[in-house]
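Chemist: What follows is the residue order along each chain.
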Amino acid sequence: MMQIPCPFCGPRNESEFFYGGPVRPSRPDPAAVNDEDWTAWLTQVPNPLGPVQEHWWHARGCGTWLTIWRDTRTHDVVEAPDDAG
Amino acid sequence: MKQHYSALSLLRHGINRHTTWAPAWRSPPLKDHYDVIVIGAGGHGLATAYYLAKDHGLTNVAVLDRGWLGGGNIARNTITIRSNYMRDASIPFYVKSVALYEAMTRELNFNMMHSKRGMIDVIQNYPMMRDRRRRQHIMDIYGATYEQITEAEIRRRIPALTGGGPDARLPVVGGYVHTDAAINRHDAVAWGYARAIDAMGGEIHQQTPVTQLLRGPDGRIAGVETPRGVIRAPKVAVAVSGHTTTLTETVGLTLPLRTMNLTAFVSEPVKPLIDVIVNCPDAGFYLNQSDKGELVIGGAPDTGQSFRRDIKQTVFEDTVSAMLSLFPSFKKLKFLRQWGGHLDIAHDASPIQDETDVPGLFVTAGWWGGYKAIPAGGLTLAHLVATGRPHPLMEPFGINRFRHLDYVMETGTTTAR
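Keeping their order, the protein sequence lines are chains A and B.
Going letter by letter, the first sequence gives residues 1 to 85 in the working numbering.
Going letter by letter, the second sequence gives residues 1 to 417 in the working numbering.
Quick caveat, the hints were computed from the structure, so don't treat them as lab data.
Being a predicted model, the structure only gives us computed values, none of them experimental.
Each hint should be verified, as a subset may be incorrect.
Stated by the list, open to error - Facing chain A, according to a computed beta carbon distance under 7 Å, are these residues of chain B, among others:
1) Arg117
2) Thr254
3) Thr259
4) His347
Said to hold, decoys possible - DEER-style ranges, computed between Cβ atoms:
5) B:Lys334 - A:Arg73: 29 to 35 Å
6) B:Lys31 - A:Pro11: 51 to 57 Å
7) A:Gly61 - B:Asn111: 49 to 55 Å
8) B:Arg26 - A:Asp29: 31 to 37 Å
Just so you know, even glycine gets a beta-carbon here, dropped at the ideal spot from N, CA and C.
Please work from the sequences and hints to get the whole structure.
Modeler: This is the structure we're talking about:
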């Protein structure tokens, strides 16, 4: 089973976590950006063949939200949050 | 067809000890120029090449595949053919696809082992019953069948469904029957199309991965790069499922697609037990029994983006525990095989089929559960590639819908959940 490194609990089984989606840039002011950038923010996320940055919630553990880089080809966690066990 | 298949031909070749069969398709040498290149010899790519030749007379067409014929997602699905969707844009398209599948055995002179056995949705909460009723009212308009049935009727028709009783956490409250639903044989779809394309003059090139799309100095698509050399064509259609963005990014094109992993697994063969497709959206799994007696079981997709082609332990465990809540007797079944496919899903969970911002480059993508859409998806893409105009059935599914925020929101209707 995939292990996700929690900064408080150390590496834990994926079944303790809820997936929180890929990391997106913060919502732009729709009036301040052009239509192309606005619809791109609404509808597109990075879809790399390789590491992707995403949120996970340690819901069945300590309850913290964390951000990892995970390789979409292997599911290896290639970069963990600081201080992760 | 060069070599018509029939009971008589079976007898004739049988008398010759089956030494006289001609190959069903050729392996011609790869040319350096075609009128149309279709990337991906999966269901959608093959159907596109078939309709390009049949409806539009375009036969100088090459279908390229990185692997072998019938080895991609056309072999990595649960062969479910159905049209119970939600939106006015979607239902007529899938009704057409179901009809084309029903006619496919005769049309391609290839036994698809089509079995129109119907699908029963087993519902375990009232909001989902309301969702099904809403779908029924819309499907009624377009001639797709959806009928409510009682819990007692479900248990009469699926005797193995013994869980979900009144004391269960999620008791079965009722269900819906989609009598149009069918299963068939996935290999036959690939082989039948390949044989028909070949007979009309099209070419299929296996072991030919496309590493890069090429643009000309005018910005139009110019061809593709493969390890077997550069192949030029004024029109290129991308029908590669999960790797769509990987390819379009080689010409700087981003699309609102995420690649995810959807998996299934198969039990040992058992006696005939279930004669319908059983879909349990609240528990989160669906299953049917193959002609060989194996139970073909699928669950929810893996949550994050993934390009893997195997099943994840968490997904497997969740699916099995969901299945056992309704079919406790399956606890003793042994499993034989598992598989996964990576597919892309668009922002609104509806397909994208359009000419892109790169003139001459077409994409057909976002076919979340695209097996059922193969014949109609090929029909419409061939129309678009040949005429430059979208087929009426595909008009709502262009890329511009994201620019106009005119989504065709099918979230929640495309898989078990």
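Chemist: Just to be careful: measuring from the Cβ of Arg117 (chain B) to every Cβ in chain A, is the smallest value less than 7 Å?
Modeler: violated (34 Å)
Chemist: Range hint 29 to 35 Å: satisfied by the CB atoms of Lys334 (chain B) and Arg73 (chain A)?
Modeler: holds (30 Å)
Chemist: Can you let me know if the beta-carbon spacing of Arg26 (chain B) and Asp29 (chain A) is within 31 to 37 Å?
Modeler: The hint (31 to 37 Å, Cβ to Cβ) is violated, given that Arg26 (chain B) and Asp29 (chain A) are roughly 59 Å apart.
Chemist: Within 51 to 57 Å or not, the Cβ separation of Lys31 (chain B) and Pro11 (chain A)?
Modeler: holds (53 Å)
Chemist: Does the closest beta carbon of chain A sit nearer than 7 Å to the beta carbon of Thr259 (chain B)?
Modeler: holds (6 Å)
Chemist: Under 7 Å, Cβ to Cβ, is where His347 (chain B) needs to be relative to chain A, so tell me if that hint holds or is violated.
Modeler: This hint holds: His347 (chain B) lies near chain A, its Cβ roughly 4 Å from the closest one there, short of 7 Å.
Chemist: Take the shortest C-beta to C-beta distance between Thr254 (chain B) and chain A; is it under 7 Å?
Modeler: holds (6 Å)
Chemist: Quick check on a hinted range of 49 to 55 Å for Gly61 (chain A) and Asn111 (chain B), using CB atoms only.
Modeler: holds (53 Å)
Consistency note: the structure conflicts with the earlier hints numbered 1, 8.
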